[in-house]
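*Asks:* Sequence:
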Amino acid sequence: MISSVFLLASYWYLWIMIIAGVLFLLVVWHTKNFAYLCPGCGEVFEVSTLEDFISPNGVNKKYLRCPRCGKRAWADILRIKEKTVHKK
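Under the numbering used here, the residue at position 56 of the sequence shown is numbered 56, and the numbers go up by one with no gaps.
There is no bait here: all hints are sound.
Restraint-style ranges between C-beta atoms, simulated for each label pair:
1. N60 to Y11: 37 to 43 Å
2. Y63 to L23: 15 to 21 Å
3. M17 to C41: 37 to 43 Å
4. L14 to F53: 19 to 25 Å
DSBU-like mimics (lysine-lysine), calculated; alpha carbons at most 30 Å apart, straight line:
5. K32 to K71
6. K32 to K62
7. K61 to K32
FYI, nobody ran anything at the bench for these hints, they're computed from the structure. Quick caveat, the model's predicted, so the values are computed rather than measured. All residues carry an ideal CB built from backbone N, CA and C; glycine is no exception.
Construct the entire structure; sequences and hints are all you get.
*Replies:* In structure tokens:
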């Protein structure tokens, strides 16, 4: 009975909120688990969640500006295996 509530057209805003929430969680996960390789200088870098969300992308590349050389290019996407935390 409760699941039929989601099928009503009067609750369309609820569907938009659910989809936006899932999309946000997916982008946050992607930001934490992937880095990028600049084709110009070879720098490996990470981006913010906002930049990850709004930057154009292909299947294996994302159009970004390299923080080292400043060149805008299609950077290769790299999977981050392990985050290293340097403790003093």
